[in-house]
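**Student:** Now for the letters of each chain:
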Amino acid sequence: MSDTLALDPSAQSDLSAEDLKELYRLMVAVRHLDESAIRWQRQGLIPGYAPELGQEAAQVGSGYALDMARDFVFPTYREMGVARTVGVDMVEYMSTHKASWHGGLYDPQATRFAPIQAVVAGSVLHAVGWAHGQTLSGTPAGELGVAITYFGDGASSQGDVHEAMNFAAVMKAPVVFFIQNNGFAISVPTERQVAGGSVAARAAGYAMPSLQVDGNDVVAVRQATAAALAHARSGNGPAIVEAMTYRRGPHSTSDDPGRYRTLAEERADGGEDPLARMRSRLLVEGIAGEDFFAEALEAAQAEEERIRNGVAALGSRPGTEMFDFVYQEPTHALKAQARAWREESEHV
Amino acid sequence: MSEHTTLSDLEAAMDNTFATDAQQASVDVVEPGMVAAVETLSMQQALNRALAEVLDENPKALVLGEDVGLLGGVFRITDGLQKQFGEDRVFDTPLAESGILGMSVGLAMAGYHPIPEVQFDGFAYPAINQIVCQVGRMNYRSRGTMPMPITLRVPSFGGIRAPEHHGESLESLFAHVPGLKVVSPSSPNEAYHLLKHAATRPDPVIFMEPKSRYWQKGPVDTSADGYSPEGSRVVREGKHLTLVAWGAMVARCLQVAELAAEDGIDVEVLDLRWLKPIDAEGLAASVAKTRRAVVVHEAPLTSGLGAEVAALITERCFGTLRAPVERVTGFDVPYPSGDLEDEYVPNIDRILFGIQRVLEYRRG
Numbered sequence: 001m002s003d004t005l006a007l008d009p010s011a012q013s014d015l016s017a018e019d020l021k022e023l024y025r026l027m028v029a030v031r032h033l034d035e036s037a038i039r040w041q042r043q044g045l046i047p048g049y050a051p052e053l054g055q056e057a058a059q060v061g062s063g064y065a066l067d068m069a070r071d072f073v074f075p076t077y078r079e080m081g082v083a084r085t086v087g088v089d090m091v092e093y094m095s096t097h098k099a100s101w102h103g104g105l106y107d108p109q110a111t112r113f114a115p116i117q118a119v120v121a122g123s124v125l126h127a128v129g130w131a132h133g134q135t136l137s138g139t140p141a142g143e144l145g146v147a148i149t150y151f152g153d154g155a156s157s158q159g160d161v162h163e164a165m166n167f168a169a170v171m172k173a174p175v176v177f178f179i180q181n182n183g184f185a186i187s188v189p190t191e192r193q194v195a196g197g198s199v200a201a202r203a204a205g206y207a208m209p210s211l212q213v214d215g216n217d218v219v220a221v222r223q224a225t226a227a228a229l230a231h232a233r234s235g236n237g238p239a240i241v242e243a244m245t246y247r248r249g250p251h252s253t254s255d256d257p258g259r260y261r262t263l264a265e266e267r268a269d270g271g272e273d274p275l276a277r278m279r280s281r282l283l284v285e286g287i288a289g290e291d292f293f294a295e296a297l298e299a300a301q302a303e304e305e306r307i308r309n310g311v312a313a314l315g316s317r318p319g320t321e322m323f324d325f326v327y328q329e330p331t332h333a334l335k336a337q338a339r340a341w342r343e344e345s346e347h348v
Numbered sequence: 349m350s351e352h353t354t355l356s357d358l359e360a361a362m363d364n365t366f367a368t369d370a371q372q373a374s375v376d377v378v379e380p381g382m383v384a385a386v387e388t389l390s391m392q393q394a395l396n397r398a399l400a401e402v403l404d405e406n407p408k409a410l411v412l413g414e415d416v417g418l419l420g421g422v423f424r425i426t427d428g429l430q431k432q433f434g435e436d437r438v439f440d441t442p443l444a445e446s447g448i449l450g451m452s453v454g455l456a457m458a459g460y461h462p463i464p465e466v467q468f469d470g471f472a473y474p475a476i477n478q479i480v481c482q483v484g485r486m487n488y489r490s491r492g493t494m495p496m497p498i499t500l501r502v503p504s505f506g507g508i509r510a511p512e513h514h515g516e517s518l519e520s521l522f523a524h525v526p527g528l529k530v531v532s533p534s535s536p537n538e539a540y541h542l543l544k545h546a547a548t549r550p551d552p553v554i555f556m557e558p559k560s561r562y563w564q565k566g567p568v569d570t571s572a573d574g575y576s577p578e579g580s581r582v583v584r585e586g587k588h589l590t591l592v593a594w595g596a597m598v599a600r601c602l603q604v605a606e607l608a609a610e611d612g613i614d615v616e617v618l619d620l621r622w623l624k625p626i627d628a629e630g631l632a633a634s635v636a637k638t639r640r641a642v643v644v645h646e647a648p649l650t651s652g653l654g655a656e657v658a659a660l661i662t663e664r665c666f667g668t669l670r671a672p673v674e675r676v677t678g679f680d681v682p683y684p685s686g687d688l689e690d691e692y693v694p695n696i697d698r699i700l701f702g703i704q705r706v707l708e709y710r711r712g
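Chains as they are written, first to last, in our numbering: chain A, 1 to 348; chain B, 349 to 712.
Some hints here could point you the wrong way.
With a cut-off of at most 16 Å between alpha-carbon atoms, the simulated EDC-like pairs for lysine to aspartate or glutamate come out as follows [what the hints assert, rightly or not]: (1) A:K335 - B:E629; (2) A:K172 - A:E143; (3) A:K172 - B:D440; (4) B:K587 - B:D614; (5) B:K637 - B:D614; (6) A:K21 - A:D269; (7) A:K172 - B:D436; (8) A:K172 - A:E191; (9) B:K637 - B:E585; (10) A:K172 - B:E435; (11) B:K408 - B:D436; (12) A:K21 - A:E298.
Here chain A is said to cover these stretches of chain B; the calculated rule only asks that three of the stretch's residues, wherever they fall, bring their Cβ under 8 Å from a Cβ of chain A [unchecked claim]: (13) 433–446; (14) 619–627; (15) 651–657.
Everything labelled a hint here was simulated from the structure, so no lab data went into it.
All residues carry an ideal CB built from backbone N, CA and C; glycine is no exception.
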């Protein structure tokens, strides 16, 4: 087995105390916003939401490893924590859950965060294409931009995931396949979803390296992702990181987990809470105390209030936008439909 | 012959005029307005030339697909391009159409202009998810910040005695998808110009190549002077009825028109070219003049593009139409094996019957 098939997270530079505190702040901000969004939905502010409770370490840790000057994120619909970590405007991000715009209102090119993707495994191949574009651009190995594509254990059943991994490996595309194995695809548990129990184990068949990491340990996730990014950035081709975590909440605000798992099972299978775990580490290592935790929570609360107000202030998009973005060069037929809509709906 | 003349002897005439495949294949599409045929090329050569010029003019243009590199594609449309432009610009992918289209989406997001090939029409089915949900929607989803300048070449339609799912007509499937445009050339000259046009647009275009016409030669005027890639085009003027067709059916309709002319029936043939957007005004202009229309396509009848064409004509010409719009199409069956192909694809007989029906129609 060649060296390029090994990923060594311990080779990554150690995180500073300030990094560790920042990781905690991010997780608190994400946790608080996530829990608040469920309340927003219950209060009628937004029609629906897909919570990521329990996946904060996987999302913040992986996002924290990215170099957003050159990397590019391909999310699904449950990557709020990644978006927050890499600096996407959270009002523009949450607008997708306000039903303002499917892909979100943020600029995906400027933020280097692709539009929110509702098609399960829909964007995994896009990451491969974007990454191959980096290879074609003539960027020297060591400086390549890397595409990171997020998907779950459920999505790993899609054929596109196989096609993407095979294409990427054949073309040595700089891609990191980041799987959040959160135990459930809505109601179906991983053991009825992923043969063999591990998506990372498939890497051997594609002759690419992989790491399976404790997805509730934010530092371990950061180190594993950084190792995979370094591998891809150096022109060695793709890598897989599988973060083993647990979806502590429902699939969405319309879901009822009581139909397919018990509270006792949730407690037994959920593993250690990522935030409690980081909090303990900061305390044990003497990096932070109660004042810091209180400040982090206050900051998260203030941030959530700001985002909530921003989301509440989002009006409906103008109806003309239904027509505006279908084409760069709209057809006569579509223009005629837009005119007819305006005449009959806006009486102009 | 007056407009009210019935075609009592048409059937007898048809018995004597049913052409063989070889005769049909020898008919070249007329190129009205072409001053000088600069070169005589097959459609395969014309497409190859167009791709080479697009690759030469746009460093972000890429050709990808199955066997498009060293082999030059199973139809040789990409012949020599990898040698000329290198393996970065013209490259083989693994054998997976969803992968080809999904990868093209990502390349477009990174600023490239991918020109993927799906080897045969039926091979687009495994890529439908990417075509419908991603290629057609990324510009919309991204609010116009991620255009999809993807030109998907699909060798299309029947007529070559090929295996299953190598003879399908998917235009109505594609045309129904918001965000896509669909075009089909009928001659080498059209193939050259329409491909060059499509491959320089900022929107995704499904480019349906009539594979049975790849090897027919015709004049190609490589200067763009006087050529318009927009809308439909009248390839034969006539006054009694309009035959509406695209792709390989245009040549067949021209042949039918010649045969009908022997009986004094003056047929106009409209090459629709763009299947989305359909040139409704061009359709209306022709049918307003002839007052009768027969639309001819290879795809199955039900929900085929002929229904859309008929609706557009009816909306615009209802008051002057002398007969309901006729559809001469494939049947609502899977595309058959080669032995039955000529029974399925609209042949000269069936198109002549369609003409007879619109000419003999009387309001009840």
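**Student:** If a hint holds in the structure, say so; if it doesn't, say that too.
**Tutor:** How the hints compare with the structure:
This hinted pair checks out: A:K335 and B:E629 have alpha carbons roughly 14 Å apart, not beyond 16 Å. Taken as a hint, the A:K172 and A:E143 pair is honoured in the structure, with Cα atoms around 15 Å apart against an allowance of 16 Å. Of the supplied pair hints, the one linking A:K172 and B:D440 holds, its CA atoms being roughly 14 Å apart against a limit of 16 Å. A hinted pair counts as satisfied when its Cα atoms are at most 16 Å apart, and B:K587 with B:D614 qualifies at roughly 6 Å.
Taking the CA atoms of B:K637 and B:D614, the gap is near 12 Å; set against the 16 Å cutoff, the hint holds. A distance of roughly 27 Å separates the Cα atoms of A:K21 and A:D269; the hinted pair therefore is violated under the 16 Å criterion. Taken as a hint, the A:K172 and B:D436 pair is honoured in the structure, with Cα atoms around 13 Å apart against an allowance of 16 Å. For the proposed pair A:K172 and A:E191, the alpha carbon gap of about 31 Å is over 16 Å, so the pair is violated.
Among the hinted pairs, B:K637 with B:E585 is consistent with the structure: their alpha-carbon atoms are about 10 Å apart, no more than 16 Å. The hinted pair formed by A:K172 and B:E435 meets the criterion: a straight-line CA distance of about 14 Å does not exceed 16 Å. Restraint check: the Cα-Cα separation between B:K408 and B:D436 comes to about 11 Å, which is no more than 16 Å; the hinted pair holds. With a C-alpha separation of about 15 Å, the suggested pairing of A:K21 with A:E298 holds against the 16 Å cut-off.
Proximity of the segment 433–446 of chain B to chain A, defined as three or more residues with a beta carbon under 8 Å from a beta carbon of that chain, is established by the 5 residues found. Here the segment 619–627 of chain B counts 3 residues with a CB under 8 Å from a CB of chain A, which clears the bar of 3, and the coverage holds. Only when three residues or more bring their CB closer than 8 Å to a CB of chain A does the claim for the segment 651–657 of chain B stand; here the count is 0, and the claim is violated.
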